[in-house]
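Novice: Chain residues, written in single-letter form:
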Amino acid sequence: MDDFLAARAQMALSLGFHIIFACVGMVMPFLMAFSHWKYLKTKDPVYKGLTKAWSKGVAILFATGAVSGTMLSFELGLLWPEFMKHAGPIFGMPFSLEGTAFFIEAIALGFFLYGWEKFNKWFHWFCGFLVGLSGLASGILVVAANSWMNSPSGFDYINGEYLNIDPIKALFNDAWLPQAFHMTVAAFCATGFAVAGVHAFYVLKNKNRVFHFKAFRIAAGFALIGAFGAPISGDIAAKSVAVRQPIKLAAMEAHFETEKGAAFVLGGIPDVEKEEVTHAIKVPKVLSFLAFNDFDAEVRGLKEFPKDEWPPVAVTHYAFQVMIFFGMVMMAIGAIYLYAHFFKKDWLTKRWFLRLFIVAIPFGYIALEAGWTVTEVGRQPWIIYGIMRTADAVTPMPGIQYSFYFFTAIFVSLALVILFLLKRQIKMVPKLYDPTDPLFEAKEKGGVA
Amino acid sequence: MIYVVIGFLWLSICLYLIFGGSDFGAGIIELMTNKKDRAKIQGVMYESMAPVWEANHMWLIIAIVIMFVGFPVVYSTLSISLHIPFVLMLVGIIARGTAFTFLHYDAVEDRWQKLYTQIFYFSSLLTPFFLGVIAASTISHKLIAEEAPFPDKYIFSWLNWFGVSVGLFTISICAYLASIFALRETRNDHELAILVRKAKKVMVYVVISGALVFLNAYLEKIPLFTLVFSGAIGIVAILLATVALGVIFYCIKRRMLLPVRFLAGFQVVMILVAATYTNNTNIVFLSNGNHLSLLEHMAAPKTIEVLGWALVLGSIFILPFLFYLLYSFTKRSK
Chain S
-12 MDDFLAARAQ MALSLGFHII FACVGMVMPF LMAFSHWKYL KTKDPVYKGL
38 TKAWSKGVAI LFATGAVSGT MLSFELGLLW PEFMKHAGPI FGMPFSLEGT
88 AFFIEAIALG FFLYGWEKFN KWFHWFCGFL VGLSGLASGI LVVAANSWMN
138 SPSGFDYING EYLNIDPIKA LFNDAWLPQA FHMTVAAFCA TGFAVAGVHA
188 FYVLKNKNRV FHFKAFRIAA GFALIGAFGA PISGDIAAKS VAVRQPIKLA
238 AMEAHFETEK GAAFVLGGIP DVEKEEVTHA IKVPKVLSFL AFNDFDAEVR
288 GLKEFPKDEW PPVAVTHYAF QVMIFFGMVM MAIGAIYLYA HFFKKDWLTK
338 RWFLRLFIVA IPFGYIALEA GWTVTEVGRQ PWIIYGIMRT ADAVTPMPGI
388 QYSFYFFTAI FVSLALVILF LLKRQIKMVP KLYDPTDPLF EAKEKGGVA
Chain D
278 MIYVVIGFLW LSICLYLIFG GSDFGAGIIE LMTNKKDRAK IQGVMYESMA
328 PVWEANHMWL IIAIVIMFVG FPVVYSTLSI SLHIPFVLML VGIIARGTAF
378 TFLHYDAVED RWQKLYTQIF YFSSLLTPFF LGVIAASTIS HKLIAEEAPF
428 PDKYIFSWLN WFGVSVGLFT ISICAYLASI FALRETRNDH ELAILVRKAK
478 KVMVYVVISG ALVFLNAYLE KIPLFTLVFS GAIGIVAILL ATVALGVIFY
528 CIKRRMLLPV RFLAGFQVVM ILVAATYTNN TNIVFLSNGN HLSLLEHMAA
578 PKTIEVLGWA LVLGSIFILP FLFYLLYSFT KRSK
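Protein chains in written order, with the working numbering: chain S, -12 to 436; chain D, 278 to 611.
Don't take each hint at face value.
Stated by the list, open to error - BS3-like mimics (lysine-lysine), calculated; alpha carbons at most 27 Å apart, straight line:
hint, chain 1, residue 1, chain 2, residue 2
1, D, K391, S, K410
2, D, K317, S, K105
3, S, K414, S, K194
Please keep in mind that the hints were generated in silico from the structure rather than gathered at the bench.
Make the full structure from the sequences, and use the hints.
Specialist: See below:
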């Protein structure tokens, strides 16, 4: 494997891994705080048990997110020193703010996990909520750094030099709001569906039914934000891409020819050599409408750009299709859930209904990773869109492939251990977290009383 | 504003060494303890670090962000030449952080705990060692900025006896901090006695490894001695650190365990002052005789200004909250 490819693969793997935990860190604390709030209002001990169970999950996943995030802050320099040398002072602003948010998150989590019965109950509750709030803020800020790479601003690029640097302008780049909105909503979608599905599984197996059903209802509620928010925010994001990065939009849609009233391409196999897409379903004029709110608007095709500036068309196109497909499926599931909630309460415990959520456990994460692939691969060959090529940013150090293998091994084993741990957490629900279970023991380990 | 930023960089490295370091040290002390006492020591160590351990490691992130936002040239130069020790240090951070979490948040207790514990111990050594190696390489005049054969540029720029001895010294300092900080969490005289013994033993290691650092600096022709002792500040700092040691022993005898913590932290600050005051803002020395200065290689003025404000405002948010966290969980448990 050549060094450049290895560096890209390692970065992709690290980000792809981190994004999962970052998203959980953004959303899971809200689930926890919601359940805690229910407990404080109703005094139902099941909610207290659920809050504690979720808080342990938050602790495990937060720690993983924190270490993979620390790693990324180093990897940026280790793999892309040339990029960081120039980009650091321009897009570093969100990172320094994110540092603050993340710090607050870590402190608040300390208070929350170890603060049961030690502090005023509402201060304690607020700390849990603050974990979510600061997690959300970190996520939104980090996206600002990524969106700057898509929409570089806050400097003038003159004769290869980066002049008149203004980090505030760079922070408020054009891509930030659409991208951050879409990312946040996607995080709710992914985490909500995953958690809801896991609890649905235990409801179906009739284990600690009341406990898991309450958990399922809360998580599914949060998943709705994602299920309906994702298409709306996605539309905003796509419109912004259409203006800023027409070539990315063209690759997403495998759209080769510039045309008015462009068709929306579903599926299909893009052939970059022949510059055409085959076996696709084309919905006339819809792409023009989605991109510019006008059925007859002109959408620029790939052919209009020099070929050495094309992103990998097939990967971008397939990833985009996968994201849309799973997004639609989740919206449908969300709609069924809403219908059941208002009109058919008895559906909520039906086997087919719970199975639907179990099948959907990975859907949010698949869509999330696919969407991330669209953003990142669709920006290639640029690391800073239109300014610096990824190939010019890579470290001169040889042998990056070994680093890639090494990190792959670390990530794979970490992922396995985390799954194993979470499974064990759930296995212990009867004993540690569900006060209505005959096996429940009030005494708990590890200082988390 | 540039001095505010440099001040924060120094402060976050210092706080990482004290808080993160004591955190690593806790693992090292546990490793040094025999089987008989280990369960007790583990309990004491856990009491003193669990609620704050995440926060302790944030200082490293703050330092690295200041580096790449404020001093990108220095950051990228180090990232290229020190790729390998950085990766090894990261491995330590990942393994340790996750092992600690798994060790304490795993719902089931069984054989797996042993594995996490082993990983936790091993990685507690790895990170401080490579932190020391990295710090050593910045002043050892061996970093190569231009193109050079692989071993010279990427391996021997940091792998030498001076680096190794600074690594060992860092490990000893971490263990020392942990043993001193944990004294106050002990629940009875027996535990206190075990830990005081540990602390004394570790002090011996600090002295031995410290001597090794100077010896190897001399052998490798690194002007460490003049760096530390050429000015009054260095001499005073080292003297104060030594005096503090005496005071620490006195306080332990009188069972005044809170001031002991501050004194140990103070000692580390003094050591860091002694090591950095001469070079001031010239933080990296290259093999070609040049150096990288924070002042000469700072980012655009606008960036520095914004970064400085971000740090100031951030600390207004963070510090009271952090202090309250430390305060809440270091109150003696009744």
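Novice: Could you work out which of the previously given hints the structure breaks and list their numbers from low to high?
Specialist: No hint contradicted; all consistent.
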